[in-house]
Structure formats: C-alpha cells, structure tokens
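For the record, the sequence lines run as chains F and V. Residue numbers for the first sequence follow the numbering used here, so the first one is 282 and each next one is one higher. Residue numbers for the second sequence follow the numbering used here, so the first one is 275 and each next one is one higher.
These are calculated hints, taken from the structure and not from any lab test. One or more hints might be untrue.
To be verified - Just the calculated beta-carbon pair ranges, DEER-fashion:
| # | chain 1 | residue 1 | chain 2 | residue 2 | range |
| --- | --- | --- | --- | --- | --- |
| 1 | F | E463 | V | K500 | 48 to 56 Å |
| 2 | F | K704 | V | A848 | 21 to 29 Å |
| 3 | V | K500 | F | Q669 | 56 to 64 Å |
| 4 | V | G773 | F | K704 | 41 to 49 Å |
| 5 | V | N845 | F | T604 | 31 to 39 Å |
| 6 | F | A486 | V | L319 | 43 to 51 Å |
| 7 | V | E647 | F | K665 | 16 to 24 Å |
| 8 | F | K704 | V | Q659 | 49 to 57 Å |
| 9 | F | Q669 | V | N456 | 28 to 36 Å |
| 10 | F | A486 | V | Y436 | 36 to 44 Å |
What the hints assert, rightly or not - Derived list of chain V stretches under chain F, where covered just means 3 residues or more per stretch with a C-beta under 8 Å from a C-beta of chain F:
| # | region |
| --- | --- |
| 11 | 474 to 488 |
| 12 | 923 to 935 |
Every residue, glycine too, gets a C-beta built ideally from N, C-alpha and C.
The lines below spell out each chain.
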Amino acid sequence: MPMHDILTTEAPHPAGAALRGERVLFTICSKNYLPQARILVRSVREQMPDAPVRVILSDEAEDLGRIAEYVGAEVIPGRALGLPTYYDMAMRYDIVEFNTALKPAAFLHFFAQEARTAVYLDPDIELFRPLTEVDAAFEAGAQGVITPHICEPLDMVHNPTELKIMRTGIYNLGFAGIANTEEGVSFTRWWARKMLSDCRVDLDAGIFVDQKYVDLMPSYLPRTKILRHRGYNVAYWNLANRALTREGDGSFAVNGQPLVFMHFSGVRPEKEDIISVHQDRVSVDDLGDGKALFDNYRAELKRAREEMAEAGIEKSYAYGSFTTGEAIPPLARQVYAKAIPPMRVSFDDVFDLEKGPFNQGATGINHRNQRLISPVMADLWMRKPYLQVAFNIRDPEEAKAYALWFAETGFREWNIPPAFIPKEAWELNRQRKTFRSRMAVFALQALERGKWFKFMYPKPVRRAAVRINRKVLPHLVKRIGS
Amino acid sequence: MTTVYFSICSANYMPYARTLHASLTQADPDAEFILFLADVIPDDLDASSLPFEVVEAMDLGIDTFADMAFRYDIMEFNTAIKPFCFQHLFDRTPGSRAVYLDPDIYVTKPLAELGQFFDQGAELILTPHALAPLDDGYDPDDRRIMQTGSYNLGFAAMADSYETRGLLDWWASHMRTRCISNLPGGLFVDQKFMDMAPAFVEQTEILRHKGYNAAYWNLHEREIIKSEDGWKAGDDPLVFFHFSGVERNDPEVFSRHQNRFSAEGAGDARELLEIYKAALASHDEDAWRKVPYAYGTHTDGTRIVDAMRRVYRRVWPEPLHADLDTIFTFNPVLYNHPSEELKDQSGARITRLMHEVWRMRADLRAAFALTREDGRKRYAEWFAQSAVAQHGFPTELVPGAVDAQRGEGAPVEQPVKTPSLPVDGSLPEAVRMVGYLKTESGLGEAARNKEAALRAAGIPVLRRTIRAEGFVNLEGEDADDRGDARILYLHVNADRTLGTLEALPAKEKDGCYRIGYWAWELRTFPANWVSAADNLHEIWVPSQFVADAVRERTDKPVQLIPHPVVVTPGNREAGRQALGVEDPETLVIATIFDTRSFIKRKNPAGAIEAFRRAFPDPEAANAVLVLKSHGPLDSDLARQVFAEAATMPNVIVRHQVFTGQDMADFQEGIDVLLSPHRAEGFGLNIAQAMARGKLAIATGWSGNADFMTEANSMPLRYDLRPLAPGDYPFAEGQSWAEPDITQAAECLQRAAADPAHRQRLGKAAQQTMEDDFSIEAIGERSRRRLAEIFAATVS
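Here chain F stands alone, though its shape is the one from the complex:
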C-alpha cells in the first residue's frame, strides 16, 4: 500500500487526535531560515504562552531533536506530511517555491490531527500581541482568515506597484488561518492539489507560488474573513500607508491600532540602510519610531544565527544538491519541471544523479542514439535556434555529432555541469579511431584550449571565435560520423 495520502483519503492520521480542539500555530522553513523561526517561536511563546506551535522543516536533518531544542518548538519533517510526490516537488521547485508548496499540505496535516483551526505564519514574522482578532473571527464563524497586502492604493511607479500586487496575489500568504470544517478541508485540498505541479513563479500565466490561488479563497471558501486590521502583517508592501508609532507603554501602534505582528520580508541583517530588498518606496528615514523595530530584529537575527552555529546545526539545504554533493543548477530544475510529470518517487530516484532522470535519454527523441542526449542537452537545443540549424538531433547521426560537440566544447558555453551529460557522450571521442575523426577531435580540443586566451584578442576576433564555435565546428563534428 502506498503511504498515507493526505490529499485524497480520510485514513486515520498516524499521530491521531494529538491536537484535538486546539488552535495550532505553525511555520515552514528550511534549515537556512531556522534563525528567523527561532525569533518567531520566541515571540509567540511570549504573547500566546499556551498555544501549540509547530515548525515544519522543508529539509532533511540528521538530528531533529537538536533543531527542535534550538527553535523552541516541535519540529515535523516535511516528508512526514503525507504528500505523495514530496521528493518530486523537492526537485521540481526551488527553495522558495518548495517552502510555499508545502503550506496547504501542512494545514491538512494539522486537520488530520483534529486541530480546530490552524494559523500559518511566515518564519520572518515577529509577534507583538496575541492574535485576538483571528480568534474572534473564528469564534464568529469564519472558516478562513487572510490579510490583504494593502488596504489603500499605492501607485504605479515604485516597486511593488499596484499591478505587481494584483499579479502576485491580493492577499499576503505569510499569514493565513483556516478552520477544520468540511468546507475548510475541501478548500485546502483544492489548494494542495495545485501545489503538486503548479506552485511556480509564472506571472505571464497568472501564477505566483501558493499565494495567487488564494485570490479565490473568498469565492471558494464561504465565510472567509478579510482581516483589514492595520496591525496585522505590517511589511514593506504596506508601510507607505501605515505609520508606526511608539505608545507611552513602549508598545507600538499602527495608524492608531495596536501592532500585532511585523513581517520582516526582505530584511537583511547586514543591510542596515534598507527596509527590504524587494522594494524602493519607503526609506529607513520614513520609518520614524518604527526604525527601532527593524534595528532590533536585525540584531536578534544576527544573534540567532550565531546561536545556531554554536548549537552545531548546519544550514545547507538538503534538496539543493545531488547525493554526490554537486549543486543543482536552476536549469536542472527547469528541465525537470518541463520534462517530468509529477510522480511518486523516493529521494534517490531524483537526487541520485546516476539513477535520476538527468542522465537518461531525453524524451521525445526516438532513435538508437537517444541515450546520448540528456534532457538538459535537449532543452538547450530547443531554446537555441542556432543549435537547431547546426544539428538535427532527431537524426541519429546528427544527434551523435551534437553529443560529441557538446561534450568537447558546448557545455562550457552554457556552464552546464558535466554531470548533466551522459557518460556515453563523454566516451564518444574514443569510439572512432579513424584518422579523420581523430583529426576533428584534435581540432576541437585545440580550439577549446585556445579559448583560454581569448581575453588577449580584440572583440572582432572573439566574435569570430563564437561564430566558428557555432557554425563551423558543428560541420566539422558531423564529418566524423560520415
């Protein structure tokens, strides 16, 4: 039997009714964001001491206990969420996409444990007051609670523009609350299913990770509360219209309402003169009293990072490299997403380069030399018209020439790690022992080495060299096969 599947079945949850009747707060992060999560958890413990808090780790770790101790909350590894295509998603998506893609499944996980409501908070959030208004909304019958990015218009000049917010999602999914009701679960399942293959950044297609889908929450989930309390989700996208002021008791207010939580999106500890790397509207000078909040958060974050190092937790992303240690380039993920449908796979099925799909022949090629063309090579060929002119890889002989050209010189032009070229392609130059073929390979290698000195040549010569590589070499290589 396949493992328990959170998207379709009603099977009993392994952890049972551990959260029966509770309101659970959770965040999701990979190891690199554990310091932020630590600050979040600490702030939640201060403001809401009795609330159950969970951290979903979208990563692999040897010692979960140590991480739980560091972050101050129970840690659930992402693979335990019951997502059928968990490792497929870990390869399909980059780290940001992947972290957001787990969100709906995490909600379902807590619903299976019979939590009454679940509230998600981004790890880079810091809480300053209890989430009273959220609880009140749930009490009043709300089944979903979301906060708009902005409650007043911005402009179309500075970043982010109003249009950008419309394209990435009206509501900020750094915060969301959903009730464990029939309609709440059914909405979350719909959302979770979109995450299997369509949690990407593709603005032209109208898609922006998990967030854009939630534009439809007020439509698809009855009694969705759109929470416009100005103290919620204060962040760079709404600071232009929200004035942070310090009250007499030292607490902060936003446009006269108490500050509930800040969302320090895009804040960098080492960059003290900017509010967020994602915007250019508000400067530090505009912050007024609020500057202290940012300064304090940056200091806390620095400290939390040091503490993480002291605790001996390393921060590298387990799904960021193959089992060999080779980093996974963005191109590989793109090729994977384009060529491989969502599938139930094990970690090794995708992250072991030998076994994984990157060294198999490309799909769509249908001849005996298919094995020589990896998916990455086929993808480049599809995107570069000059390669299509030079080689017709649907022909077995020309495919072989392309593979030879690629292994000798092409991969450097595009910075393709050698791991993405099939072994058979590397072996090609040793196969043919004819004089002519040896001459051709020799010429290729000579030209390739010549490129090391290209900085010495003036631009026209370098341009000529590119032309040779693109137009002349392919023909030279093709003669080897003839």
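For chain F, the structure is supplied; the task is to place chain V on it using the hints.
Quick look at chain V alone, frame taken from chain F:
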C-alpha cells in the same frame, strides 16, 4: 434611500438594454433605470420615445473623454466608463445607491437582497464568478478566473460612502489608460482591478446568493431549475441570469466563451435562453446589431481599425487632453511614422502601424524577422499586398498598396478556377505512391503499410519518398522508382496536398489519376483544406467518420479504405516487467496519448476517473492503470492529469518514447486498452490492441466505430458536446463525444471479474482485425477500386 439601476452599451446593443430594462421593470415595477450610451444617439432614434433615460457617455464629464473613446475598442470603452457612471450617479444624488447590470442580463426577480445588505451596512456588493473550483478540464478554468478577475463585473452594487468614493477614484484613474485585455500583463479591462476592492473597502459584501449573476461560469455549481414557484438557481430563487456570449442564431451554443455546456447540456437554463433570445428578437436585434459605432470612425469617415488604436496607445501611453474633433481627425502621420522601436530600417521602412500588425500576429512574427533586412523587405511586400484586404486599413496607411480598393476587413475572395484534370489512358497500370515512406512516425508507418498492402494485392507500386521536417529518416537509400504510372496516390493529408503536388515534377503528375489519402479527427472537415480536392480525382479515407466529413465538403468520389493493422510479435513478460508488474494475474489497463496531439481529445482524465470509480481499492482488485504518454508538459491539463495520477495508488506513468520492440512488448503486456477519447480519425492504437487479442473499451464514436462492436469489444455510450475555440484546430462550431465514464467503470469491473468474457471478446477482436484489416484484406479492397479506375480510364 434612492437606488438606481444602470447599464452601459453602444447603440448596436440597444435591444439588449431594452430587454434588460423590460425584465427588470417586470420583476420590480418601481425600479429606476438609466442607460449610459457608450456611443452617440443615432439620428434616427428618438431617445425620448424610450421607456428610460439615456445619458450619452460624452456627458459624463470625463476630462479625457475623447482620448478614451479613441484609445479603446468598443468592448474596452464600454467597460472603461463604468466607474465614471457610478461617480456621475453619486454626484447627482449624494448618498444614493447604484446597481450596475451588464446589458446581456435578464432579471427574473426583484434584487431585494441588495437592500437588506445595504441596510446592514454594506457599501459594495460583488458576486464571485464561481463558488466552487473549475478544474474539470473545461474552459474557463480556475486559472482563467485568476487571470480575468475573481468577481464578475457584469454586476456591481455600491452605496455612496467615503470608502467607495475612494475606490471609484482609484478605479477610474486606472480606467483612463489601463482598461485593456492583456492577460500575460495581468490586465483584464475593468474587472481585474476589482480583485482589489475587498482590500480597499471594509464593508464589501461578497454575495454568495446563487440567484445573482448565474452564468456559464457557475452553472457547474448551481443548476437552473424551472419550478412551480418560478426559476431557481441551486437552492436559491433565480434573481438574474447573465447571458454572456449568447449566440442568438445558433440553437446549439449556450455561450461562445466556454465549452463546458452546450445549450442541450445546460438543463432548464436552455428554456430560459430561448425566452431570452425571443425577447431580443422582439426588440429587433437583427436591425440594431448593424448600427455603426460612432467612435469607430474618424471625423472624415475613415475606419479606426483595432491595430490603429494600438498604435495610438503606444505613442500616447498617457492620456491626451484634447477634444473629440482633434483626436478623431484622421492623421496618417500618426500611423505612417517609422516605428521608433525598430532602430534599423534599412531595406524597407517599417511604419508604426506595420510594426503593430506584426506584433499582433504570431504568424507574421514567425514568418518575417524584422531585425533583418530581407525580413523587412519581405514583410513590406506582404503588407503592401495583403494589409488592406486582411485588416481593412485605408490605403493611405499601406505604403505601396497594390489595389486602391477599400476592404471591409474581410479577406478578399479569389475566384477559384477548378483545374481540369485529364487522365492519360496510355500510361501503364501502376500506382505511384507518394508519402513519408522513410519517416519514422505514425504517418510514415501508415504509408509503408499501405504500400505493403498494395504490393500484396499484386499492384505494381512506384515509390516516391518525401521527407518530413523534424523527423528521423530511416536509413537505407533506396532510390525512388522511375517509370510511369497512371495513378498518383498521395499519402499526405489535405493540408499538405497542394504543397506536395507542387513539388512533384510534371511528368509524375500530369495525366495521372490523382488520389489523396486524407484523415481528420472532427466531424466537420476544415473548410480551408477542401480546395485541395480540386486538384485530385478522388479521395480515400480511413474510416466512415472521415468519409462523412469529407463528403459534406466535396463532390469528388470518396472511397473508404482503412489503414492495414499490422502488429509485430511482442513478449508479454518483458512488457509487464518493464512496467514493474510482477503478478501475471494483475489486470493491466492502458491508455495511450501524446500531449501534443491534444490531450483533450484523447481524454486521459476520463480514463483515470473510470479507473477510480471501477476500483476504489485497486490493490485488492489487483488492477493497475498505465498512462503511456509522451510530449511536452506545457499545458495546464497535462500537468493536472499527471498530478492526479501521482496521487492515486496503482496508477503507473510511463512518460517516455517507446521504440520498436519496447512498444510491441508493452502492447503485448497489457490486458485492456481503455480509450475514452472524444474523437478519433481511425483509432490505430485501439485497432492494434484488438489485433493482439486485447479487450478494447473505447468511446463508441468516430473512426473506431467502424471496427468496434458489442461482439468484439466494449464501445461506450456518449453525448455530443460543442468545442470551444482553442480546444482543437478548426474547433469553431464543432462537436465531439463525451463518453459515459460510469459505463467505462462498469466495463473495467466486468473485465476484472470475468476473464473468460474478456478473452472471448479479445478473440473476436483478433478475428475482426484479421478478416477486415489485415494487409491482405486492405490490399484486396484497394485492388478492387484501383481495377475499376484502371478500367474506366483506359484509352
């Protein structure tokens, strides 16, 4: 509290507005209604004779009115003035309430709930397009709603308040220049902006009453029912229906913007549609639809074509403050100025208008590279030749236009001369076979099989190989056969027929009796392919389905000669091993598709659904479903199908190309071929499975109906459904089959429960294929027809 209902339309939509007004006042005799006319009142219309007040858009007091009227096309302009109309009404009666209704809305009950919500404090009331997901594979889907806007702006109700005034100011400021449809850019007229409304107005009521704004986009979650106490939408009484995309003259179409519902499949809503159409007709829709749009021409009568408005928008991204006369004066320089965005103009001058047309059309972008000199030259030639005829531009805007005639936008029909095709009876009785004889593709294989069939029947065949772009050509350089033949057999599809004939030397085609072999997957044959028949004597087709489609379009003889069904021996164990199926008893069900050859047509989602319903616990039933596919994953539907498959137990995905022996082993390894397709030209995969003695469960419609009967397989019942544009090439106005998935599930259960029955049908299937579709059988069928032709053409 005053509540005013209003609508916006141009003069050509007057019957819609009158129908709306009549239905509204019938439901609520006290309703006050105003029509804002995004147009000028036509001279022959006495506005005072209308039963409602009419306000011309130019009287709204928009400071950049002329700019907007020129910037936008008629549809955009109608939506762009909406916030200004609200402002106008609130200025007229401060503190009042206003309800906008699209002109194609039909009211059946007073909009009483609005008053209640307003009284409870609501300031803005919007209706979501749908209250439940649209992810069944039809259009529109969730993503389309995300791109065009969550709320349908065919309806909006507002109370005059501080926050709604703020919202209107913001909305109106965007409507001056950004009321366009540009989905990749995140814009969709006025509607997309209102996704923001709940963020800006605290007292926004997102109305979930199903009687409001019922339309094609939400019929999946609310059935329209005619009951004793009036019309109902789901559990709520129907208040108004929005007939967006209504086609008054096509009784089959429910709405032209979607493909989920045919008129027939819309249930009782069809009756409402008929009532609505009759109401439109009673207001003389036929005459009004031809009334010209006042802002559709310059002051001198020169037409404003869409591309010209785009040039204006590009040149003036910010609104111009000028009067109507200034902006609507025909100014050829605006369009004839060399395009600023094309630095290199050597060879041929590319004007702004030329560049704009090029940007608008993917075919032109693919054909002419404007960055290159020869591309520019050839494009300029094309523009001079075709722009007037195809786009209806005034000749002043077409440098070097060949003809001074003013086109009306429609392509100029060229009189077609049917060539006379004499046959030279002295040529020897042989067939010259022209086709992709050396290409490794389905089409190539079919051509080779057909050649084998002819040879098996003792007919002399001369080969003439053509090469297919982008496919592997098999090795072995057998030269083409020389010599003469009386019959020229073109094994290429209709769209390639003329091109192939052109490429042949005269001695190989002149005096020959020409046969074309055509296939097609839908019921109606594409009209613009048919002219190819003029150059042929006769057309052969693989199935009765294609025969009917072609006969409808041409008087040439149409002969039904199916594909020979040839299978190579395969190894069952190897095939099952490759799928990871170890137990020889496991029932292996396969469905085969290519994501490029239209996943919608092949319907793998239907196969998955049938499997799910047949075997709620497939492990216990010892059954697996194999999706055998290849092709790119660039469609939403493809990704959705595979995501669905990944979440289901016992569904195996093989998304890769199988070659030669692998494919034979695979076909041998399965037990059932499941094909809930929506249409097939012939159904070669099904036929091949049957030739191997497998059980075929497939939609009993289209090409495969020729060989599938109750006695040799399990044909599925179906309904016919209309296609939407984009579903398939030349989809307009076509229908295809929607198979009965429940029956497919029952067939699967039967196949699992009764192996003897399965094998009996498989045996019968094998027999059918051997008797009627073998190389010999098809060869004999061809021979008989060829003999008749030889006899008739001998001199």
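> Against which earlier hints does the structure fall short, listed by number upward?
Replying inline: 1
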